[in-house]
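Line order of the protein sequences matches chains E and L. Per my numbering, the very first residue in the first sequence carries number 1; after that it's consecutive. Per my numbering, the very first residue in the second sequence carries number 1; after that it's consecutive.
Simulated from the structure, these hints should not be mistaken for lab results. Be a bit skeptical, because a hint or two may be false.
Listed next, the in silico DSS-like pairs over lysine-lysine satisfying Cα-Cα at most 27 Å (straight line) [claimed, not checked]:
| no. | chain 1 | residue 1 | chain 2 | residue 2 |
| --- | --- | --- | --- | --- |
| 1 | L | Lys91 | L | Lys351 |
| 2 | E | Lys103 | L | Lys338 |
| 3 | E | Lys103 | L | Lys91 |
| 4 | L | Lys252 | E | Lys131 |
| 5 | L | Lys338 | L | Lys102 |
| 6 | L | Lys91 | L | Lys102 |
| 7 | E | Lys57 | E | Lys131 |
| 8 | L | Lys252 | L | Lys91 |
| 9 | E | Lys57 | E | Lys103 |
This one's a predicted model, so the numbers in the text were calculated from it and none came from an experiment.
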Amino acid sequence: MKDDHTTVLARLAPEPVPRRDFLGLSALGAFVGALFLAFLGIIRLPRVVVSASPSRKFRVKLPESLQPGEPFVPPGRNVVLFRDSEGVYAISLVCTHLGCIVKPSPNGFECPCHGSRFAPDGHVIGGPAPKPLPWLAVSLEGNEVWVDGNVTVQPGTKARG
Amino acid sequence: MEPRQAPLKELWSHLREAPRRFKESAFRSGPPVTDRARSEFVFNNLFLHIHPVRVHRWSLRWRTTWGLGVAVTAAFLLTLITGVLLMLYYKPYPDVAYQSIKDIHYVVPTGRFIRNIHRWAANLMVVTVFLHMARVFYTGAYRYPREFNWLVGLGLLVLTLGLSFTGYLLPWDQLAYWAITIGANIAQSPRELTDALGITPYFDPGGWMKTLLLGGPEVGDESLIRFYVLHVAVLPLALVILMGVHFWRIRKDGGLARPEDADALLGPPRDLYPVFTDVPTKTYHLAAIVRGRSPAVNRGPENTIPSMPHLFYAECAVFMLTVFLTVLAAIFWNAPLKEIANPAVPENPAKAPWYFLGVQELVSHSAFMGGAGIPLIVIIGLGLIPFLDRETEGTGRWFGGPGGQRLVLVSAVFGLLSVIAIEAFAIQFGWLRQWFPDIPQLIITFVNPGTLLVVVYAIFSLGIVHRYRSARAGAVALFTCFLCGFVVLTIIGVHFRGPNWGFYWSPADWPKH
């Protein structure tokens, strides 16, 4: 008798979501949510906030005898400095193709790894490099030059003392 | 009740029987001399029971597999054992790492020998993985019901190359440092595309991948630890798990692929004892309700022979041959070690390990398409093969399917000629940048010798599909072409490229410093 009563009730007003389904769905939702939040937390792990690499901003003294157009590479730096009548400028030596260190040559720069070639002002004249060598920000302080490897400037930007 | 022996005498006899009882408790079946004991020999043993108890005679012919899968496994086990030994002395920190490899080379007793084995076994593994894949492809063994196992195999190929790549950095010498710098910048090469589109500041998957790999902007101590963890923990673990799945699936998919008429082709067995010839009258009880193509359903185990001794002896032979070749190489050739890594002066030329030199040749045309685009296209193409080729003709036979051996030959000639022609043209006359200095990078990214080669191969293969009305024929053409392309590009990278990646007929012609 009672069973009949509940069946009729259920037929008249069926539960919108059966209790079992509701619990199942919430469990699934909680699981996926927890997984997602854990993923969000862990995704930042591989990226260090401060890396221990040497500072890319440095100070260097150009040799007095440096001729216009003659390259000067400070020891241990992947940057070349030039001085001419318009001022001092710095060009990065990191190949824009795959990160090898290019070598200054009489006609500009050559990359040993895949044969990219660059003009003296850094723009690509051959090989697979997709971009010109970037010019780096320089400033003069007395007879010393500050080079900031983090800041690129328009090609042709030269610092005058 | 039996009269008991004197307690001390009993103890003494138990002690005397202890070795025999120990042996019986460890190996629960007796010597494998009867069919039943041979079966028990396999399924009572944790390490052997991934094998079937009985194996089809077709699977045991040398020509079916040339033992390549077993050779890969053997090479992997060699790297695993020697790798653990090397870990005892290796220290993953820049500069210290180099010194520790030097110690292994010059100070640790047998250290150089162990490192040589590790090195040559890894090389052998790469070679045999490629050969194994070619074998599976040319015998049509990737088809139903083995599609999934082909994909697992593809995953194993990628993991094998990943292990080689991560292992390459660990010595921290010049070779290592610059190969990894190039590799990491290939990971960054999607920037070539995003830069050309001007969206790098907002969407930079390349930079993200490089940072993930290196843990910083350049190859440094974080990178070394990352590569070390990948090399000794993450990748080997993934490889072992996938290997387990790979082996398990071979059995679940019904053993090695063989032609429908394999039994007729083999003829009646001679000199091979014992071969089942009777179809059993008993039903297979539980096995009978299993769906699918497990080897024992609906069929008698006819034309099969016991795995012990036939399969195991064959496997042992391949295993011993692999060990022999590796040790031989390790005695005569030393694993290379250059000067300590110098971030200011790259090697000239800076060459990756030989199996990546084909890719390096491609990246010398475009970093993104050569290093990421084309390899991705190749992997996706390989993965699609079993789903596009749903034919059944020629399964289990070398060069089976329409066209047969002749098609392979024609495709090989076409593949070789086109890669040589395109490379020769690019070497002789240069490419778009030399002719039009102001050409947009996007055009070079998509129109370069590498992509041109892929397009030529694809058109050729589509033509073959049309001509033979068969996806299998097209797949054979494409696979053969890519194999030829890979080999030729690798040879060019290894032998014909010198300083500044220039072309030289021989390393003897390289300019002297």
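Each hint tested on the structure:
1. L:Lys91 x L:Lys351: Distance ~25 Å between lysine 91 of chain L and lysine 351 of chain L Cα, so the pair holds.
2. E:Lys103 x L:Lys338: holds, 21 Å
3. E:Lys103 x L:Lys91: violated, 33 Å
4. L:Lys252 x E:Lys131: violated, 53 Å
5. L:Lys338 x L:Lys102: At roughly 10 Å apart (the allowed maximum being 27 Å), lysine 102 of chain L and lysine 338 of chain L satisfy the hint.
6. L:Lys91 x L:Lys102: holds, 11 Å
7. E:Lys57 x E:Lys131: Holds, because 23 Å separates the two Cα atoms, which is no more than 27 Å.
8. L:Lys252 x L:Lys91: violated, 43 Å
9. E:Lys57 x E:Lys103: Distance ~21 Å between lysine 57 of chain E and lysine 103 of chain E Cα, so the pair holds.
When held up to the earlier numbered hints, the structure conflicts with 3, 4, 8 and fits the remainder.
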